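Enquirer: Just so you know, the protein sequences line up as chains A and B, in that order. Position 118 (the first sequence) corresponds to 118 in the numbering used here; numbering is contiguous. With the second sequence counted from 1, adding 458 to any position gets you the numbering used here.
Simulated from the structure, these hints should not be mistaken for laboratory data. The structure presented is a predicted model; accordingly, all values stated were derived computationally and were not measured. Just to be clear, a hint being listed does not mean it is correct.
Unchecked claim - Only pairs whose alpha carbons sit at most 25 Å apart, straight line, appear in this in silico SDA-like list of lysine to any residue:
(1) LYS503(B) <-> LEU345(A)
(2) LYS433(A) <-> PHE334(A)
(3) LYS499(B) <-> LEU342(A)
(4) LYS344(A) <-> LEU514(B)
(5) LYS499(B) <-> MET374(A)
(6) LYS348(A) <-> ASN496(B)
(7) LYS316(A) <-> ILE223(A)
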Amino acid sequence: MERFIHRKPLIKHAPVTLVALMKIRTVLRPKIILALLLTAIAMNAFSAYFFTRLDHVVHVDLYRNGLQFNYEWAGPYWTCSRLLISSITIAMIATAISMAFILVHTRALSSSSRVVSCLLLIAGIVMTGSSAFLLNRLDYIVHNDLYRYGLQFSYEWAAPYWTYAKLTLGLLGFTTTTTSISIALILAGTPTHEIQPLPKARAPLKINPKKLICLILISVGVIALAFSTHYTSSILAFIGLGLTFWGALLLYITPSKHVPSQLLNAAATSTLTNIEKIITDSNLNGKGIYLPPRNLKDFESSLIFIPSKAEQPLPKPEEVDEEKLYSKNPNGLFLTPPGLALSKLFEKELGTSFTKTDLNYLQEKLPKLLIEDMEIAEHINVQTENNTLTIEVTKHIFKDMCEETRKHPKLHESIGCPLCSAVACALAKATGKPIEIEKEEQSQDGKTTKIQYQILEE
Amino acid sequence: MQFPLSFWDISLWLALMAIILLITNELISPYYGQTNLNINKRKLKTAALTLGILFLLTVIIRIFEIIILP
Numbered sequence: 001m002e003r004f005i006h007r008k009p010l011i012k013h014a015p016v017t018l019v020a021l022m023k024i025r026t027v028l029r030p031k032i033i034l035a036l037l038l039t040a041i042a043m044n045a046f047s048a049y050f051f052t053r054l055d056h057v058v059h060v061d062l063y064r065n066g067l068q069f070n071y072e073w074a075g076p077y078w079t080c081s082r083l084l085i086s087s088i089t090i091a092m093i094a095t096a097i098s099m100a101f102i103l104v105h106t107r108a109l110s111s112s113s114r115v116v117s118c119l120l121l122i123a124g125i126v127m128t129g130s131s132a133f134l135l136n137r138l139d140y141i142v143h144n145d146l147y148r149y150g151l152q153f154s155y156e157w158a159a160p161y162w163t164y165a166k167l168t169l170g171l172l173g174f175t176t177t178t179t180s181i182s183i184a185l186i187l188a189g190t191p192t193h194e195i196q197p198l199p200k201a202r203a204p205l206k207i208n209p210k211k212l213i214c215l216i217l218i219s220v221g222v223i224a225l226a227f228s229t230h231y232t233s234s235i236l237a238f239i240g241l242g243l244t245f246w247g248a249l250l251l252y253i254t255p256s257k258h259v260p261s262q263l264l265n266a267a268a269t270s271t272l273t274n275i276e277k278i279i280t281d282s283n284l285n286g287k288g289i290y291l292p293p294r295n296l297k298d299f300e301s302s303l304i305f306i307p308s309k310a311e312q313p314l315p316k317p318e319e320v321d322e323e324k325l326y327s328k329n330p331n332g333l334f335l336t337p338p339g340l341a342l343s344k345l346f347e348k349e350l351g352t353s354f355t356k357t358d359l360n361y362l363q364e365k366l367p368k369l370l371i372e373d374m375e376i377a378e379h380i381n382v383q384t385e386n387n388t389l390t391i392e393v394t395k396h397i398f399k400d401m402c403e404e405t406r407k408h409p410k411l412h413e414s415i416g417c418p419l420c421s422a423v424a425c426a427l428a429k430a431t432g433k434p435i436e437i438e439k440e441e442q443s444q445d446g447k448t449t450k451i452q453y454q455i456l457e458e
Numbered sequence: 459m460q461f462p463l464s465f466w467d468i469s470l471w472l473a474l475m476a477i478i479l480l481i482t483n484e485l486i487s488p489y490y491g492q493t494n495l496n497i498n499k500r501k502l503k504t505a506a507l508t509l510g511i512l513f514l515l516t517v518i519i520r521i522f523e524i525i526i527l528p
C-alpha cells in the first residue's frame with residue numbers, strides 16, 4: 001500500500017470530461033492507521049476472552065462459595081453479560097468494516113469512505129464505552145446483589161475475578177484510546193485540494209500461491225476456533241489456535257519478493273563492461289583511488305580517481321567535481337564506484353553514516369553486517385596490519401559478479417567488484433583517507449575471496 | 459458458549475511456541491551457513507521475541523494474582 005503524497009497537477013488545462021473524472025486526494029497514513037485498528041480489534045478480542053474467564057469465575061467459583069441460584073439476580077446478570085459480548089462484537093465488526101473503507105479510500109480515492117470510516121470508528125468507541133459501562137453494572141450485581149443470595153467473600157474467587165475484571169476494563173480503555181488516535185490520524189489527513197487524474201486501470205489480480213495457502217490456514221483456524229467455542233472443545237481450540245498462528249506467521253515471515261542471483265549478475269554485466277571500455281579508451285595506467293570525504297563536495301558520496309600515471313598526486317578538493325568525468329590537473333578520470341549504492345545500503349542497515357565512524361567500528365561491525373544483517377556471506381575475517389586491511393569473505397552472493405569482473409582486467413585492477421568497491425567506499429569514509437584496492441584474489445575452491453586494501457597517506 | 463482454553467492453557471501454549479520459534483531462529487541463523495533460506499529471519503526473530511514477551515506477561519499476571527492473595 002502506497003502512502004499518498006502531495007503532487008502537483010499533472011494536467012493544467014485538462015478537458016472538462018477529464019476534470020469530471022478527477023477526484024480530490026486525501027493525505028493519510030494508511031499503514032499506521034491500519035496497524036492501530038488491527039491492534040484495537042485484537043484488544044477487543046482479548047477483552048472478550050477475559051470477560052468469558054470472569055463469567056466462568058461467577059458461574060463456577062461463586063457457587064462453591066455459597067451462592068444460591070435465583071432468577072432475580074441471574075436475569076439482569078445474563079442480560080448485561082449478553083449485551084456486553086454483543087457490544088464488543090459490534091465494536092470489532094465496526095472497526096473491521098472501517099478498515100475496509102480505509103483501504104477503499106487509499107486505493108480508489110473515494111472521499112466519502114473517509115467519512116464513513118470515521119463514523120464507524122465512533123460507533124465502535126460508543127460500543128466499547130457501553131461495554132465498560134455494562135461491565136461496571138455486572139460488577140455491581142456481583143458485589144452487591146449476590147451477597148443477598150448466600151455468597152461468602154473469599155480471596156479464592158475474588159483475586160481471579162478482580163484480575164479478569166481489571167484486564168477487561170484496561171483492554172477496553174486501550175481499545176478506545178487506539179481507535180481515538182486512528183480517528184485523529186484520519187481527520188488529520190487534510191485534503192490536498194489538488195486535482196489529480198484517476199489512477200490508471202489496475203493490473204488483473206494475481207493470486208500468490210504462498211499467500212493463498214496462508215490465508216486458507218488462517219480461515220480454517222478461525223473457523224475451528226469459532227466451533228471450539230460453540231462446542232466447548234479444547235482439541236478444536238488448539239487446532240484452531242495452531243492453524244491461525246502458523247498461517248499468520250508464514251504470511252509474516254515470507255519475503256515479499258525474491259530475485260534470483262542470475263538476474264542480478266545479468267543486469268550488472270553491461271555496466272561493468274562499459275566501465276572497462278571507458279578506462280581502456282582513456283589510456284589510464286594508474287590504480288583507482290577511492291577518495292576520502294574531505295576531497296569531495298558531497299561528504300556522503302564516494303568517488304574513484306584513476307590517475308593517468310602511477311605515483312601521481314591526488315586531485316585537490318577544489319579540483320574534484322562529482323559531475324565531471326575527466327580531470328586535467330592531475331590528469332585522470334573520476335568514476336562513481338560500482339559499490340556506492342551497496343555501501344549506502346550498509347549505512348542504512350547500520351543506521352549511521354560511515355563518515356561518523358572509524359576503522360575500529362568498521363572492523364567490529366562489518367562481519368555482523370555482512371553475515372547476519374544482510375546475509376551476503378557465510379563467514380568474514382577482517383585483519384589490519386599497519387596500513388593494510390585484509391578481508392576474507394567466504395561463500396558470498398557476489399561470487400559470480402566478482403568472477404565477471406575478473407574478465408575485465410582494467411576494471412578488476414583499478415576498481416574491483418561491487419562488493420570490494422562497497423567496502424572500499426566504507427573504508428574511505430571511515431578512515432578519512434584515500435583507499436586503494438591492492439589485491440583481490442579467489443581461493444582455489446572458489447569459495448573465498450581475499451581482498452587487500454591499502455590505506456594511503458596523503 | 460464459552461472459550462474452552464483457560465488463561466494458563468494459553469500461557470503454556472505461548473511458552474511452547476516461543477521456545478519452538480526461538481530455537482528455529484537460532485538454528486537457521488546465517489552464522490551456521492544458512493544464507494539461502496527463503497525466510498525473513500528478522501521477522502521470525504521479532505515473532506519469537508514477541509511470543510516470549512507475551513508469555514512473560516502471562517507470568518507477571520500470575521505473580522500479581524499470587525501477591526494479591528492473602
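Enquirer: To test your reading of the hints: which numbers does this structure violate?
Expert: Going through the list in order, the structure violates hints 4 and 7 and respects the others.
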